[in-house]
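Novice: Both chains are sitting in their own frames, so use the hints and assemble them into the complex.
Those protein sequences? They're chains L and H, same order as listed.
Here the first sequence is numbered in my numbering, starting from 1 and rising by one per residue.
Here the second sequence is numbered in my numbering, starting from 1001 and rising by one per residue.
Just so you know, nobody snuck in bad clues.
Heads up, simulated DSS-like pairs for lysine-lysine below, C-alpha to C-alpha not over 25 Å straight-line: (1) L:64 / H:1223; (2) L:73 / H:1004; (3) H:1187 / L:58; (4) H:1197 / L:64; (5) L:7 / H:1187; (6) H:1013 / L:64; (7) H:1187 / L:64; (8) H:1197 / L:7.
Since the hints were made in silico from the structure, they are not lab data.
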Amino acid sequence: MMSCPQKNLAGWGRFPRSTSKACSVQSAQEIAGFLDEEGDVIAYGNGRSYGDSAIADKQIVTRKLNHFLQFDKESGILRAQSGILLSEILQVAVPHGWFLAVTPGTKLITVGGAIASDVHGKNHHHFGSFSQSVLDLKLMLPNGEIIDCSENENRDWFHSTCGGQGLTGVILEARLQLKPIKSQNIEQTTIKSASLQETFAAFEDYQASPYSVAWIDCLAKGKNLGRSLLMVGDFATDGDLDYRSPRGPAIPFNFPKFALNRLTLSAFNWLYYHKVRKKISQQMVSIDQFFYPLDALSNWNRIYGKDGFVQYQFILPKEHSYQGLQEILQIIAASGKGSFLAVLKLYGKHNANWLSFPMEGYSLALDFKVEPSLWGLLERLDEVVVKCGGRFYLAKDARVPKAVFEQGYPQIEQFRAFRRQHGLDKTLNSRQSVRLGL
Amino acid sequence: MSDKGFVLILGAKSDMAQSIAREYAGLGFNLYLAARNVADLESLQSDLQIRHQVEVRLLEWDALKLEEQSNFYQGLAPAPVGVVTALGFLGDQTQAQQDAALAQKILQSNFNALVAVLEPIAADFEQKQSGFIVGISSVAGDRGRKANYIYGSAKAGFSAYLSGLRNRLAEADVQVLTVKPGFVATKMTAGMDLPEKLTAQPEQVAKMVVKAQQKGRNVIYVKPIWWLVMLIIRHIPEVIFKKMSI
Ligand SMILES: Cc1cc2nc3c(=O)[nH]c(=O)nc-3n(C[C@H](O)[C@H](O)[C@H](O)COP(=O)(O)OP(=O)(O)OC[C@H]3O[C@@H](n4cnc5c(N)ncnc54)[C@H](O)[C@@H]3O)c2cc1C
Ligand SMILES: NC(=O)c1ccc[n+]([C@@H]2O[C@H](COP(=O)([O-])OP(=O)(O)OC[C@H]3O[C@@H](n4cnc5c(N)ncnc54)[C@H](OP(=O)(O)O)[C@@H]3O)[C@@H](O)[C@H]2O)c1
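The following block holds chain H by itself, in its conformation from the complex (with noise of 0.2 Å):
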């Protein structure tokens, strides 16, 4: 077991998120990987500790049952010294306007569990003055489109309540994060046909990621490119935006 501490990894099955956790394990930190049906990540695990002579702890977690959140973090011995959020849900945006339930869940997963979640972690980490956060968000939450607003608003709303989180914790030297992917090639996108330049990997992705976070940085596009396609995409009159099929 190293002595650099642990990192929480909410929705550690998600690829982005192993190997963000690849790469925690490479700078020595140890690790908690939380996920549902976390057994799945037993080769993980075991592939991190032998590699990078870390300790790993498998945790079984459910970002929907909301109410169980402030246990959950109270429950970690010793608390982590940094939190990465990878989980999400993008849903069918056409199904999601007919069933209610779906369009729930879709903002429950993005936005509401991470609220719960998060809140207590800020807390701690706001009282011990040290700390980061990182919460991985969507270029998709920059501007609504009919493709996936549902899951596009709760990304918005997530990324608000980020800046707003590193607004009132920069007095405490915590570092908020936000990550804004484009397109990552992962389990989410299979089968979708992305364009291969706008298309970032996983691997990719966790390297910005963790660099980002060691360099104290506040808000990511990856790739950054997205930043400047964003850029433009928001800047488009309403007129036209709601006109167009984007």
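Isolated chain L, as found in the complex (with noise of 0.2 Å):
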């Protein structure tokens, strides 16, 4: 249907907002017709991005372009339109014993934007991104060509397109290889750690898990600090694919501004000394309960209140990993800011694609409610984040500047002169893009 409502729009932090068009496509041709308009123009799926990536004066919004396209239960390729869902893959996919090789802490995203992010999960350090799951994908250029791209087909455009933030062309549909798996449950082990030292060691010993993660205790000091939950798992061998998707309880509206504040202080300390109280404990959970426990509550982002969030994500180099974080957790305590609770996690090598975020080393990423004093805090982390060779990622970033984004990624050159060359810079901007001068 070709109209396009002005709207009230932001990404998952409700931080920046912004009024513009939304234009709802079912077809191909549809895009095409509103690529060919004057003025800034980006894709967007589920708005799950944090900042203002998906954002521009008019946003192509693909969840009508839907359609599953061909699935071989005997090799596990399965062919979908971008504006498919992750949940919807599971869906098909789980009770045949297909799951996604590789997915993030949400399933509510598209097969574009994953591929636009170029998403990574748990077991990036055993297989990588997403895109190493993408045979391929039909890409459309602002002028309405539509391209093939791959890694032995257009791979300038392929390298360029994941992690390229919809930057280079709205992903028609793409080709994944799925990973099979035996059970729709997970094996999962939790050891509970008291200090930064404490939580790395753990991540070496568990390395040989494919997926691990940890949850970081912000507020810890002194000997405590970096104290943490590390879960690490694998699925289950009993056959039980009877998968079914949980429906979870919505957050009808914007939190308090005192209720957060009650909230983290005693959700983390809750979790480390009431839910677990081994130091290694084993538990079989579910798809749903191991991979996006934050899905389980809808619009969880209304906690943070009217003002939003945002969610601050850095990787740094895995030699300076130890210094780094525990000078940002540092700072993080004293300020008394932050979440109660952040995500680390050991990453493998980065890939080949000229914008994705992943790198061998650590990442933390912990959410700060949007408020006067937080940007002076952010600019402190910042500087130490720059000194230690790491990067921020665009997925979740509304605010870094510059001149600091630019210092993590050695092909951000290539990446504008390729827009440049073929014009891409003309239309095709976000809010993000602007910002950074991608």
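Specialist: Below, the structure is given as structure tokens:
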């Protein structure tokens, strides 16, 4: 349906907000029509990026471009349009013994969004990023031309599109190689660590485990600094593939300001001391409990109130990770800001994409409520990240300064030149790309 | 392929029809999707088959070929267990006032064609003593207005036709459901400035239609508020109504 109502839109962090035209599309033809008009335009999937990467004057909303095109149950190859949600793929694939080769911490993102952010999951150290499961994709360029891209065909387009935040064109469909599983259950081991040093040691000890992630206590100080719960696991082999996804309660309104502080203060302690008593414990959990704990509470982003929040995610090269994280956690603990828990993860090697976030090292992601005193704190953290040779994740970013961002991405000039060379910078621009000169 | 039988959807490219197809596939029905240039529905076909493990067949079909309708239906094997008509053609009212061919096309697409295709179906269902017929008519048929009375009068005819069919087939236990949408955000209304509170999304219409059909209902308005709106509009005295612009 060709109409574009004006909407007040924002990313998942509900900051920054912008009044934009939201053009819902169902076919390639409709997309071509919208790309042909004047003015900045960018693809919009399910709005799960936190900041302004999917925000522009005009957004091409792809959720209705959501048809499964082919599914080979023998080989696990799936061809789907780009507006399909990962949750929809699970419903189709898991009963036949297939799972996404890479999944982020929410299943409520589109295939297009997964490619454009080249998302990663708990198995990055084993498998790599989402694009490594993309056999090929169809990309529509601003002039309406459709090209096939993969590791073997139009490689530059592939490496700029995967992780390219929609800045090379609109992804129409993709072919994905899924991963075989024998069960919808995961055997999880939880390791309780009392300090940053123990947390790092636990990551190294459990490297052989295909999935791992740690929840770290950002308020802990002194000898408790960096204490965490590390969760590792792998699919069980019990043959249970009877998958039904749960439907969680919703948060119907914005939380008042005071609520968050009380919640945050107690939640990690509660988990740490009451939920997990033993040093090492084992659980059998479902796909949704293991991979998507936050999806159980829809609209949880509203707990940060109407001003919204930012997610601060950075990664540090392995050799500087320990010292850098120590410094950053100290600054955060002293500030008293930051979410009660942050996510820490060990990553494997980076891939060939020009703007993909992962590199070998440790990444930390944490949420901050938007308030005037926040920006100064983040600038101090930026300095440490830059000093350590780290970088920031575009999918989460709403505020990083251009000069800071650039230092983390050695191929950024190649990306910029490519955009200019193909005239992509004339219309394909998001608020984020304008801010960062991408 | 599921064993619940096939539902035939006429005018399957309509936005409402596509959502209705999704609902029936979700309930485990196989589908015949009939439309002009039906190849455009290939991605919907694969989608429904992959998501719901049902069989979906595409049929090239033009409602305006009135004399072919009986053969079209006889050609369906197996015969469907139910049928939904979603086709419709709004046309431009002012243009149709000057262009007799256009006026005829509006009448034919919204009335004659439907009678032509539904009669053989009704006869078959009546004889089998089973089946359901869902006809998407419109609130535009509840009272003629200058804004769209050619379309509206065809819809009025179609509503009356469905009412008669319901009466005839009640004895044979064949359900006939008349659906009267108000505004729906589809291709038909793209670019129009519709009041948000009175406008339904096609997915919403589809859920209500299929639920009403499964419950054996006779006539529904979507959104339900339209029942009240039309009740009032129908009761405005003609002396006043004829001077109004609504
Ligand atoms: C609770 C939560 C947990 C998360 N966990 C992780 C995680 O573990 N790992 C991780 O990597 N990320 C994670 N993310 C981030 C999220 O996976 C990415 O931001 C993802 O890109 C969002 O996809 P989306 O479909 O919502 O797209 P949007 O947010 O709508 O768009 C994101 C970007 O993709 C582009 N895009 C979308 N569709 C297309 C298309 N068809 N063609 C071209 N470009 C397109 C947009 O232009 C934009 O630049 C998480 C987010 C949330 C809310
Ligand atoms: N949208 C509203 O506000 C609204 C309100 C009340 C009632 N309705 C009714 O709801 C039904 C569904 O309409 P919609 O809103 O979903 O609009 P739509 O998307 O425009 O669908 C109408 C469909 O009818 C098909 N059609 C028209 N003439 C045909 C013919 N001769 N042969 C085969 N197919 C033909 C069209 O096919 P092509 O694609 O080939 O043109 C089109 O797919 C219609 O009966 C309409 O009158 C709509």
